[in-house]
Amino acid sequence: MIEVKGLTKRYGNLVAADNLNFTVKNGEILGFLGPNGAGKSTTMKMMTGFMPSTEGTVLIDNLDIIDDDRKAKKKIGYVPEHPPVYRDMTVTEYLRFVCELKEIPKKERNENISYAIDRLQLQDVKDRLIRNVSKGYRQRVGLAQAIIGRPEILILDEPTVGLDPKQIIEMRELIRELGKDHTIMISSHILFEINQLCDRVIIIDKGKIVAIDSPENLSKRLSTSSRLSLRVIGEKEKIIETIKEIPGVQSVSVEGEIEQGSYDYNVLAGTDYDIRKRLFFDMAKVGYPIIEMKKNELTLEEIFLQLTGLEVESNEKGEKEDE
Amino acid sequence: MNKTLTIFKREMKSYFYSPLAYVVISVFLVITGYTFITNILFTKTTFMHGVFENMVTLLIFLIPLLTMGLLTEERKQGIDQLLFTSPLGVIEFVVGKFLSAFVVYIVMLMFTFSFPAVLEYFGTPDYGSIISAYIGLILVGGVFISVGLFASSLTESQVIAGLISFGLLLVLWLVTLMKSVLTGTIVKIMHKIDLFAYFSDFQNGILDSRGIIVYISFTFVFLFLTTRVIDRRRWR
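Line by line, the protein sequences give chains A and B. Residue 37 in our numbering sits at position 37 of the first sequence, and the numbers go up by one each step. With positions in the second sequence counted from 1, the corresponding number in our numbering is that position plus 1000.
Hints are not guaranteed to be accurate.
Here are the simulated BS3-like cross-link-like pairs (lysine-lysine), alpha carbons at most 30 angstroms apart as the crow flies [said to hold, decoys possible]:
1) A:K208 with B:K1009
2) A:K236 with A:K206
3) A:K166 with A:K106
4) A:K74 with B:K1188
5) A:K126 with B:K1179
6) B:K1003 with A:K135
7) B:K1044 with A:K106
8) A:K236 with A:K295
Bear in mind the hints are in silico, worked out from the structure with no lab data behind them.
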């Protein structure tokens, strides 16, 4: 559906996007994850034809976004980071303007406008000036604009930025809903969001792709050890000693005393071992009751840090091993 | 080309939904009205020379107000990201913007048709020179608006865009004044591009093709430059 080949953008010496290669498949919701300044917006601007690339191409259904721009652009609905709305127009007026801009035939305009208004639940504000509606509605008007003309592809640049928690949840609902009949690419720096919404994730940092995979696979691929949080009543030293005797345990650390008389521990163990059963019986043997035990999967947050922040370290290790 | 109309319609709405068009037109009419009245009272003739000349000078100040926001606001609010990810060409866009300011300007001029009407009531005005003066005004307005549009494409700030177009127009105006001071080949060129000297021809009733060509070329050059600036910014 969308093919990105060798996409590069340079501003003088600064490389905003560096040889990006990926595809967006039909019907999927693809997450585009990276810290601020990683090149997410730049990449999206190139994919939508707003900005040409320094090198590389973007194909939308085999149409080049630069050479066949008029045809290719019709296939994309794009929501930039700040909703591109005229504040001095009413919602309906604005959507009518967008219809004309996107070359929707006269007969289909009213139908398109009411479809967008219905889909994004804008009935209450459709005759109000955009300057007077709340940020959440404005963001929705931005999305409504994108689905005018029913493009197959939606490209959304940080659609939940600046919304309050309730609006964020509503926005995610909407995106999931739209995902049923659109191919969606969504950028974000919030891992939780991507994790919830997306079928696949692309992680980029400093203009380079760090990983492409499903959220689940990413967690699996990266967790070389599993982690347990424990709360046990009893003597600290003795408990640590006992835990360390269990095969597979890599390290034990004390988090502190949260409930009186008990301590919280963090236990790291190899993924091949499930130490929970053994832990339970061993603790019972020495007479220290476990009052809480929780298995912690690696969060996307940690994956992200491992892939981006700690990448340098792993490279260095790799080099040493080579020697 | 129908998207030129789309851009044009939107821009017209924003001119007349905001106080801008009304304020500019009012200021223009008050000042030209004042010069018209004093002119007649002093000369007691049906000539409108002073009035038209005054209008052109006034336009140096007022046209930048009309044009300064034309291209800055969309860029500042990121609406250009909608426009240029839609099937919209830069030329359609720039022409639409130009036409909207131009039509506001024509509306403004139309109000001054009341001046010849007053003259008609009290005497017999020379319609030939009045009509050619209006043709000149329309052409000069086109030049000024394209200069203003060009200035507006250069920056995201309305104020700076206004100042740049005001500055450019002042430079064009100074050409007229500097002509008498300087010598050599520069003066020859200056004579050729002196917008204001051509305007005196128009207001004397001379429809000089050179003047018409110079005005239209100026307009096209600045519109062309505007499209280049917009394109270049994206290609950078």
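For each hint, the structure was consulted:
no., hint, in the structure
1, A:K208 with B:K1009, "43 angstroms, violated"
2, A:K236 with A:K206, "44 angstroms, violated"
3, A:K166 with A:K106, "37 angstroms, violated"
4, A:K74 with B:K1188, "52 angstroms, violated"
5, A:K126 with B:K1179, "58 angstroms, violated"
6, B:K1003 with A:K135, "29 angstroms, holds"
7, B:K1044 with A:K106, "57 angstroms, violated"
8, A:K236 with A:K295, "21 angstroms, holds"
Violated hints, listed in ascending order, are 1, 2, 3, 4, 5 and 7; each of the other numbered hints is respected by the structure.
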